[in-house]
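S.K.: Okay, here's what each chain looks like letter by letter:
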Amino acid sequence: MAKKKGRRPTVEGELSITSMMDMMTIILVFLLKSYSTEDISVKASDDLEIPLSSAKKPPRLAVNLVVTRSQVLVDSVPVLSLERVPDEETGEEIVRVPEDEKKGQMVSKLYDRLLEKAEYAEELSQRAGTEDSEFKGQILLQCDRRLPFNVIREVMYTAGQAKFGEFKFVVIQGGEG
Amino acid sequence: MAKKRLGTAEELNLVPIMNLVTILIPFLLMAAQFISLAVIDSTLPAIGPPQPPSEQEDDDPPLSLSVMITDEGFTVKGSGIDEIVGASEDEGEEAGPTIPCTVQGCPTPDTYNVAELTRMLTEIKDLPGNEDEENVILVPESRVPYEVLVLTMDSARNDPSQKVDGKSRILFPFVVIAGGA
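From first to last, the protein sequence lines stand for chains A and B. The numbering of the first sequence is the working numbering, which starts it at 1 and goes up by one. The numbering of the second sequence is the working numbering, which starts it at 1 and goes up by one.
Mixed in with the good hints there might be a few duds.
Below, a list of computed lysine-lysine pairs in the DSS-like style, where the Cα atoms sit at most 27 Å apart [as the list claims (entries may be wrong)]:
| no. | chain 1 | residue 1 | chain 2 | residue 2 |
| --- | --- | --- | --- | --- |
| 1 | A | 43 | A | 33 |
| 2 | A | 102 | A | 163 |
| 3 | A | 136 | A | 103 |
| 4 | A | 56 | A | 136 |
| 5 | B | 77 | A | 136 |
| 6 | A | 109 | A | 57 |
| 7 | B | 167 | B | 125 |
| 8 | A | 43 | A | 56 |
| 9 | B | 125 | B | 77 |
| 10 | B | 167 | A | 57 |
| 11 | B | 167 | A | 33 |
| 12 | B | 125 | B | 163 |
| 13 | B | 163 | A | 43 |
| 14 | A | 163 | A | 109 |
| 15 | A | 103 | A | 163 |
| 16 | A | 56 | B | 163 |
| 17 | A | 57 | B | 125 |
| 18 | A | 43 | A | 57 |
| 19 | A | 103 | A | 33 |
| 20 | A | 33 | B | 125 |
| 21 | A | 103 | A | 56 |
Since the hints were made in silico from the structure, they are not lab data. Predicted, not measured: the structure shown is a model, and the values here were computed from it.
Please work from the sequences and hints to get the whole structure.
M.R.: Right, dumping it as structure tokens:
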């Protein structure tokens, strides 16, 4: 027994990592293929499910307006919270913009933030002075698929007032097109 | 020297490569995008003074196609398409939807009959004089879910059953969303 104990350190057991290497190489190639340099990203959550669509047009960088079932974000910064109230007719829970945040159809806080963004973008484009960088009022809209149209309408109206007139609805590619 | 080489099979030291790959994998996993995104263009309806009527208006009025989305289905309106949409004598809400949902009350987005809408819009596009028409106005009701809006835009944009140069036939790709009731 004592003899065996003495022998152990001399035997060097080497791990064969060739098979592991094979696996890693395959994973590496797969990940490199799905590597994306897309301009926008979607943070999936329970409150934000982007609808599927047959549209194929790739998104381009623009101001990113996200409307989830609980809040509205502009370029990842929360602007206001939405409330859930039971519907007067059906009793189902519906999402809406709180009444005290609105002036008619316009959502005041969102308008201020978007106007800031629009003015900043206009200033940038004036400084750049090229045709490519011209401010066209493009805005990316990521909305939850279950949101009722009146929330979207109010958000769109507000964006329209804040110089954003070209809407780009972000969807997940899928289905026939 | 040659004898010694043949005798002992030297193994390649893969450990440094392994280290490199192990570092690369988490980095690539973070940057990997497993879903691909797309965008649907839309604009606000133009607000401005009414345009002076053109001389041709009486002979050939513009199509001004609009699709209303309600909790009963789709209502298609436009000039010169009464035969296709089967417009009844009743006006307004009395008339009911042109394409009702497959289930009364449209409980889920799947119950909207988008296939029938695509078929009808294809027929409208086939009418003489409408080949160049590309605009459609969507008028959704307040409670219509956003998903239905996207479905409607999809079915109005192209017809997957007809192929032109290997792609779906384009119907009305320019969507304007008007604030409904």
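S.K.: A separate judgement is required for each hint: does it hold in the structure or not?
M.R.: Hints versus structure:
A threshold of 27 Å between alpha carbons decides the hint, and for residue 43 of chain A with residue 33 of chain A the separation of about 21 Å falls inside it, so the pair holds. Between residue 102 of chain A and residue 163 of chain A the alpha-carbon distance is near 18 Å, which keeps this suggested pair within the 27 Å criterion. Restraint check for residue 136 of chain A and residue 103 of chain A: satisfied, since their Cα atoms lie roughly 26 Å apart, inside the 27 Å limit. Restraint check: the Cα-Cα separation between residue 56 of chain A and residue 136 of chain A comes to about 21 Å, which is no more than 27 Å; the hinted pair holds.
Annotation: proposed proximity of residue 77 of chain B to residue 136 of chain A is violated, straight-line Cα distance about 31 Å (limit 27 Å). For the suggested pair residue 109 of chain A and residue 57 of chain A, the alpha carbons sit about 31 Å apart, so the restraint of at most 27 Å is broken. A hinted pair counts as satisfied when its Cα atoms are at most 27 Å apart, and residue 167 of chain B with residue 125 of chain B qualifies at roughly 17 Å. For the hint linking residue 43 of chain A to residue 56 of chain A, the alpha-carbon distance of about 20 Å falls within 27 Å, and the restraint holds.
For a cut-off of 27 Å, the pair hint linking residue 125 of chain B to residue 77 of chain B stands: about 13 Å separates their Cα positions. For the hint linking residue 167 of chain B to residue 57 of chain A, the alpha-carbon distance of about 14 Å falls within 27 Å, and the restraint holds. As the CA atoms of residue 167 of chain B and residue 33 of chain A are separated by approximately 25 Å, the hinted pair is consistent with the 27 Å bound. With a C-alpha separation of about 15 Å, the suggested pairing of residue 125 of chain B with residue 163 of chain B holds against the 27 Å cut-off.
The hinted pair formed by residue 163 of chain B and residue 43 of chain A fails the criterion: a straight-line CA distance of about 35 Å is larger than 27 Å. The suggested pairing of residue 163 of chain A with residue 109 of chain A holds, with an alpha-carbon distance near 15 Å, which does not exceed 27 Å. Our distance criterion of 27 Å between C-alpha atoms is met by residue 103 of chain A and residue 163 of chain A, whose separation comes to about 17 Å. This hinted pair checks out: residue 56 of chain A and residue 163 of chain B have alpha carbons roughly 16 Å apart, not beyond 27 Å.
Note on residue 57 of chain A and residue 125 of chain B: the hinted pairing holds, with a Cα-Cα distance of about 23 Å set against a maximum of 27 Å. The suggested pairing of residue 43 of chain A with residue 57 of chain A holds, with an alpha-carbon distance near 20 Å, which does not exceed 27 Å. Proximity of residue 103 of chain A to residue 33 of chain A is assessed by CA-CA distance (about 48 Å); at most 27 Å being required, the pair is judged violated. Our distance criterion of 27 Å between C-alpha atoms is broken by residue 33 of chain A and residue 125 of chain B, whose separation comes to about 40 Å.
Distance check on the hinted pair: residue 103 of chain A and residue 56 of chain A sit about 36 Å apart at the alpha-carbon level, beyond 27 Å; violated.
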